[in-house]
Amino acid sequence: MLVSIKDRIHDAIVEELIGYSTLPEESHIQAALAMYKDNDSAQLLGLEDEGQLVALIGLEQDGSKVMIKHLAVLPENREKGYGRGIISEMISSLQPETVMAETDEEAVDFYRNVGFVVYSLGEKYPGVEHFRCVFETEEEE
1 MLVSIKDRIH DAIVEELIGY STLPEESHIQ AALAMYKDND SAQLLGLEDE GQLVALIGLE
61 QDGSKVMIKH LAVLPENREK GYGRGIISEM ISSLQPETVM AETDEEAVDF YRNVGFVVYS
121 LGEKYPGVEH FRCVFETEEE E
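The sequence shown runs 1 to 141 under our numbering.
Hints may contain errors.
Unchecked claim - With a Cα cut of at most 25 Å, we get these calculated DSS-like pairs of lysine-lysine:
| # | residue 1 | residue 2 |
| --- | --- | --- |
| 1 | Lys6 | Lys37 |
| 2 | Lys65 | Lys37 |
| 3 | Lys65 | Lys124 |
| 4 | Lys80 | Lys37 |
What the hints assert, rightly or not - Restraint ranges, calculated between C-beta atoms of paired labels, are given here:
| # | residue 1 | residue 2 | range |
| --- | --- | --- | --- |
| 5 | Arg112 | Asp40 | 31 to 41 Å |
| 6 | Val118 | Ser88 | 11 to 21 Å |
| 7 | Met35 | Gly63 | 13 to 23 Å |
| 8 | Glu138 | Ala12 | 35 to 45 Å |
| 9 | Thr22 | Asp109 | 26 to 36 Å |
| 10 | Ser92 | Tyr125 | 17 to 27 Å |
| 11 | Glu48 | Gly127 | 31 to 41 Å |
| 12 | Ser93 | Glu129 | 28 to 38 Å |
| 13 | Glu60 | Val3 | 15 to 25 Å |
Just so you know, these hints were derived from the structure itself, not from any lab. For each residue, glycine too, the CB sits at the ideal point set by N, CA and C.
Construct the complete structure from the given sequences, taking the supplied hints into account.
In structure tokens form, the structure reads like this:
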């Protein structure tokens with residue numbers, strides 16, 4: 001079940017999940033959390049299974065476009081469909097026309113497997129290739 005977790009921003013589990021989707025230094029985790037706390041257009045949503053938070057997705061919506069800023073699944077729950085599920089539920093709930101994400105080589109295959117089209121952005125940082133991932137939703141007829 002997809003739920004807003006913006007009010008749980010300082011829960012240890014939320015901080016842990018954000019840490020998996022950004023650089024693990026405390027300053028990066030706190031900066032990411034502050035973005036959701038201070039930015040009204042940013043949403044922080046969680047996927048719960050049996051009342052337990054297993055994944056989160058942080059995003060910004062601009063009209064019909066959604067930009068995924070953070071996406072993480074607890075390590076013990078990976079490869080169980082929660083990543084695909086949270087994206088699917090977010091699309092169903094927000095109904096964007098386009099969903100985008102920027103990621104590194106570690107997560108690019110996940111996005112590709114979920115149906116995103118992947119474009120290389122080259123080396124954003126020395127030795128670290130980044131990718132733009134784009135998913136166009138289909139209109140119902």
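Hints, verified against the model:
1. Proximity of Lys6 to Lys37 is assessed by CA-CA distance (about 7 Å); at most 25 Å being required, the pair is judged to hold.
2. Distance hint between Lys65 and Lys37 is fulfilled; the C-alpha atoms sit about 21 Å from each other, no more than 25 Å.
3. With a C-alpha separation of about 23 Å, the suggested pairing of Lys65 with Lys124 holds against the 25 Å cut-off.
4. For the proposed pair Lys80 and Lys37, the alpha carbon gap of about 29 Å is over 25 Å, so the pair is violated.
5. For the pair Arg112 and Asp40, the supplied restraint of 31 to 41 Å holds, since their beta-carbon distance comes to about 32 Å.
6. At roughly 18 Å, the beta carbons of Val118 and Ser88 sit within the given window of 11 to 21 Å.
7. Look at Met35 against Gly63: about 20 Å separates their beta carbons, and that is inside 13 to 23 Å.
8. Look at Glu138 against Ala12: about 38 Å separates their beta carbons, and that is inside 35 to 45 Å.
9. Between Thr22 and Asp109 the C-beta distance comes to about 19 Å, which lies outside the given range of 26 to 36 Å.
10. Between Ser92 and Tyr125, the C-beta spacing of about 34 Å breaks the proposed range 17 to 27 Å.
11. Distance hint for Glu48 and Gly127: a CB-CB separation of about 37 Å, consistent with the stated range 31 to 41 Å.
12. Roughly 32 Å separates the CB atoms of Ser93 and Glu129, a value that falls within the hinted 28 to 38 Å.
13. Between Glu60 and Val3 the beta carbon distance is about 18 Å. The supplied range of 15 to 25 Å therefore holds.
Checked against the numbered hints listed earlier, the structure breaks hints 4, 9, 10; every other hint is satisfied.
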